[in-house]
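Q: Following the hints, put chains B and C in place on chain A, whose structure we already have.
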Amino acid sequence: MQNSKISKARKAYISIMKALMWLSVAVTCSLVAFLIIYVFVKGIPNISWGLLSEKPSYLSGKIGILPDILNTVYIVIATLLIVLPIGVGAAIYLTEYAQNKKLVNIIEYAAETLSGIPSIIYGLVGMLFFCQFLNMKTSLLAGALTLVIMNLPTIMRTTQESLKTVPQSYREGAFGLGAGKWRVIHTVVLPGCVDGIITGCILSVGRILGESAALLFTAGFAHALNGIIDGLSSSGCTLTVALYVYAKEQGEFGIAFAIAAILMILTLIINLSAMLVEKYFRKRRNV
Amino acid sequence: MSNIITVKDMCLWYGEHQALKDINIDIPSKSITAFIGPSGCGKSTFLKSLNRMNDLIPSVKITGDVKYNGKNIFGSSVDVNELRREIGMVFQKPNPFPMSIYDNVAYGPRTHGVKSKAKLDDIVEQSLKDAAIWEEVKDRLKKNALGLSGGQQQRLCIARALAVKPAVLLMDEPTSALDPISTSKIEELTIKLKENYTIIMVTHNMQQAVRISDQTAFFLLGELVEYGNTETLFSTPKDKRTEDYITGRFG
Amino acid sequence: MKNKKAFENMIHGIFLMLGLIAVGCVLLITVYLVIAGIPAIREIGLFKFLFGKTWESTSANPSYGILPFILTSIYGTAGAIIIGVPIGFLTAVYLSKIAPQKIKAAVGTAVSLLAGIPSVVYGLVGMLVLVPGIREIFHLADGASLLAAIIVLAIMILPSIIKVSVTALDAVPKEYEDASLALGATPVETYFKVSVPAAKSGIAAAVVLGIGRAIGEAMAVMMVSGNVANMPGLFQSVRFLTTAVASEMSYSSGLQRQALFSIALVLFLFIMLINATLNFFLKGKKGD
Chain A
1 MQNSKISKAR
11 KAYISIMKAL
21 MWLSVAVTCS
31 LVAFLIIYVF
41 VKGIPNISWG
51 LLSEKPSYLS
61 GKIGILPDIL
71 NTVYIVIATL
81 LIVLPIGVGA
91 AIYLTEYAQN
101 KKLVNIIEYA
111 AETLSGIPSI
121 IYGLVGMLFF
131 CQFLNMKTSL
141 LAGALTLVIM
151 NLPTIMRTTQ
161 ESLKTVPQSY
171 REGAFGLGAG
181 KWRVIHTVVL
191 PGCVDGIITG
201 CILSVGRILG
211 ESAALLFTAG
221 FAHALNGIID
231 GLSSSGCTLT
241 VALYVYAKEQ
251 GEFGIAFAIA
261 AILMILTLII
271 NLSAMLVEKY
281 FRKRRNV
Chain B
288 MSNIITVKDM
298 CLWYGEHQAL
308 KDINIDIPSK
318 SITAFIGPSG
328 CGKSTFLKSL
338 NRMNDLIPSV
348 KITGDVKYNG
358 KNIFGSSVDV
368 NELRREIGMV
378 FQKPNPFPMS
388 IYDNVAYGPR
398 THGVKSKAKL
408 DDIVEQSLKD
418 AAIWEEVKDR
428 LKKNALGLSG
438 GQQQRLCIAR
448 ALAVKPAVLL
458 MDEPTSALDP
468 ISTSKIEELT
478 IKLKENYTII
488 MVTHNMQQAV
498 RISDQTAFFL
508 LGELVEYGNT
518 ETLFSTPKDK
528 RTEDYITGRF
538 G
Chain C
539 MKNKKAFENM
549 IHGIFLMLGL
559 IAVGCVLLIT
569 VYLVIAGIPA
579 IREIGLFKFL
589 FGKTWESTSA
599 NPSYGILPFI
609 LTSIYGTAGA
619 IIIGVPIGFL
629 TAVYLSKIAP
639 QKIKAAVGTA
649 VSLLAGIPSV
659 VYGLVGMLVL
669 VPGIREIFHL
679 ADGASLLAAI
689 IVLAIMILPS
699 IIKVSVTALD
709 AVPKEYEDAS
719 LALGATPVET
729 YFKVSVPAAK
739 SGIAAAVVLG
749 IGRAIGEAMA
759 VMMVSGNVAN
769 MPGLFQSVRF
779 LTTAVASEMS
789 YSSGLQRQAL
799 FSIALVLFLF
809 IMLINATLNF
819 FLKGKKGD
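Residue numbers (the working numbering), protein chains in the order written: chain A, 1 to 287; chain B, 288 to 538; chain C, 539 to 826.
Please note: incorrect hints may appear among the correct ones.
Said to hold, decoys possible - Listed below are the simulated DSS-like cross-link pairs for lysine-lysine, each with C-alpha atoms no more than 25 Å apart in a straight line:
hint, chain 1, residue 1, chain 2, residue 2
1, A, Lys283, C, Lys642
2, C, Lys821, A, Lys101
3, C, Lys738, C, Lys821
4, C, Lys640, C, Lys712
5, B, Lys354, C, Lys543
6, B, Lys527, A, Lys283
7, C, Lys701, A, Lys11
8, B, Lys481, B, Lys358
9, A, Lys164, C, Lys701
10, A, Lys18, C, Lys738
11, C, Lys640, A, Lys18
12, B, Lys416, B, Lys354
13, C, Lys642, C, Lys543
14, A, Lys164, C, Lys821
15, C, Lys701, A, Lys283
16, C, Lys640, C, Lys701
17, B, Lys348, C, Lys543
18, C, Lys543, B, Lys358
19, B, Lys416, B, Lys348
Keep in mind the hints are simulated off the structure, nothing from the lab.
This is chain A alone, in the form it adopts within the complex:
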């Protein structure tokens, strides 16, 4: 009798836990589904060729997001061009050169700290340092440099992780043939960590696309149509910042949802390509 009572309590516990787990998974999944469907339903009808290919004009009252698209592309390119050498280089230093354990710990701790700092603080310091102290004014370049600091830990981490998967025997083999350190690194080690670098790039692109708080005070709000050189040196609005401005300050929800749908599609593409890259390299590793 005693036994069956306990087993009843146990059974109740098990079924409650199971139900709670199912509920949680259902909540998570339906949230994702709802967000995607809602944004698409509200946004895609508002996407038109005119919206994508024109700049906004107060005269005609038309709204176009071409400048914002271009600004986003510029800032992604500029950020990656600057952050890649720094991040990959730092990762190489940590895994290939550094012998002082303390220094390694300090650098790794610094990177961890950077990844925890909220973007609004990056925006603030970026404004103080790049825009004011270095006198870049509010410009895409100042925004890109701020994003460089934000994305540095990501590139460092993914590169470092993949450097660690390059077998030590490759390095020994190359050293054993009398290759110098730099030659070993650029002929044998770096080709082995391409996957980490690409993964880092994809993650960073995602983060740059989604970033807004750090760009508000560094890159600005302008919608001017520029080439990349002029674009970087002048104030410019990226897609996310444009979404914020259209929604919060101008009440143009149709445009905001159109941008949200575009961002959502880009997010989907980024996730998909990250998965494909991982699959591709895993396959190649196993050959």
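A: Okay, now just chains B and C, sitting in the frame of chain A:
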């Protein structure tokens, strides 16, 4: 026969732990020297000291003298990369680079400044022939080296080491990861290579030492216990510990 | 040969410099925040600044008390944790221990997607779905409130919590679970009574990470919380530490601007504290 490597009172520490104690040994050129001993006895560590591969481990400290062709290899004027070109190495596990067979063999010469395509072609072909693998790979030089079998990979690594024209070849248990057929191929090859190269080989396998080496050194707990002609050492060992080891009482 | 050595040394030096950039950035951020943040605190007085209940930066006789922002950030984060952690944690247990490989991959993809959605998109959907919804359900004049912010934050921290917890749960040695099963415990009991305690430092790290995310979020919160400097109440329009900085920066000047930097400094100190806690949990895990 002249000695190409002479070692005097060499000691090696890993941090606080002394891994090699007062090693004295002379290695004659164009011969095969085998290092035997139980695992952890220091034979591999010693082998790796000869081309300064231990430099890669930050905690290692070495005292004493190691002379290659009469010159101290730890001297400040020695270029470690040049030293490693002259004293090549083949590792326990085959470690071809993830590149084509051709690029693997050409890696060393390219590192040391050979650029001409015709010259590289020659070196690659000659090295692969010397390593007795040319016939098996000549039709797929552009294929990834990781597609070869373990035994082929190891012979490729030997070819890669030969391509920089070393004088000495250090082999760290080169057959321990291979099947018997591949092992005997590598042994045959090693005996042939002795004509032109000095070979120093660490081996776990005492039959292998007897089959191919001219002299044998027995290491135990970081000490060089006995060193001499292979036949003599295995038939009439002078030291009790050597006798115990070669008769299989421990290890 | 000398040249070669000099060349290698130069390369080494370059990589060292690249490695030190991250450290330099942390120092730069810290130094700038301290330098920019101290003056206003000095002028206003630390106690009055931190514990003052009114923020009227633009009135003729301005007062700069940030207690409302601090409390809003704490309440908002706590609320997000209370809602988000149970859902995330239970999802993680399901994904790590029960879900078939295919479902695990599919839900994992969905979760990564959730992590990748820009915060302004959350803000936008929150503005148009949550805010009116809350207004209707609770019969309020305005639905932009702490509650709306809490719900948005809870959703936004879900991915971090799920991912880090799944990693921790996946790392629990199967032997532990087998031992429990062999004693007659059912699988579900085993997961919650053996696997979860074994992964507790990883799960704690997930929670701390969620706290960091929630307290640092600005844009999404700005769009749904009403952005008024009230003392926090669930249905009040409120302003967070992050949004206090963001909302006035573009038109501020003088002491008001300096006070905004001080708010950023306070936020930064919060984050450093959270980072230190996170490190404690992660290092503890390594030490086991």
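Q: Can you confirm whether the C-alpha distance between lysine 416 of chain B and lysine 348 of chain B stays at or below 25 Å?
A: violated, 39 Å
Q: With a cut-off of 25 Å on the C-alpha distance, tell me whether lysine 640 of chain C and lysine 701 of chain C pass.
A: holds, 17 Å
Q: Taken at face value, is the distance from the CA of lysine 543 of chain C to the CA of lysine 354 of chain B at most 25 Å?
A: holds, 22 Å
Q: Lysine 164 of chain A and lysine 701 of chain C: Cα distance at most 25 Å?
A: holds, 22 Å
Q: Are the Cα atoms of lysine 283 of chain A and lysine 642 of chain C separated by 25 Å or less?
A: holds, 20 Å
Q: With the threshold set at 25 Å, check whether the alpha-carbon distance from lysine 348 of chain B to lysine 543 of chain C stays at or below it.
A: Distance of about 21 Å is within 25 Å: holds.
Q: What's the verdict on lysine 416 of chain B and lysine 354 of chain B, does the C-alpha distance respect the 25 Å limit or exceed it?
A: violated, 31 Å
Q: Going straight from one Cα to the other, do lysine 527 of chain B and lysine 283 of chain A come out at no more than 25 Å?
A: The given pair, whose Cα atoms are some 54 Å apart, is violated under the 25 Å limit.
Q: Below or equal to 25 Å on CA atoms is what counts here, so check lysine 481 of chain B against lysine 358 of chain B.
A: Judged against 25 Å, a Cα distance of about 23 Å means the pair holds.
Q: Need the status of pair lysine 640 of chain C, lysine 18 of chain A: alpha-carbon distance at most 25 Å?
A: holds, 19 Å
Q: Are the Cα positions of lysine 640 of chain C and lysine 712 of chain C separated by 25 Å at most?
A: Roughly 20 Å between the alpha carbons, so the hint for lysine 640 of chain C and lysine 712 of chain C holds.
Q: Does lysine 821 of chain C lie within 25 Å of lysine 738 of chain C when you go C-alpha to C-alpha?
A: Given that 25 Å is the threshold and the Cα spacing comes to 13 Å, the pair holds.
Comparing the model with each earlier hint shows violations of hints 6, 7, 12, 13 and 19; every other hint is respected.
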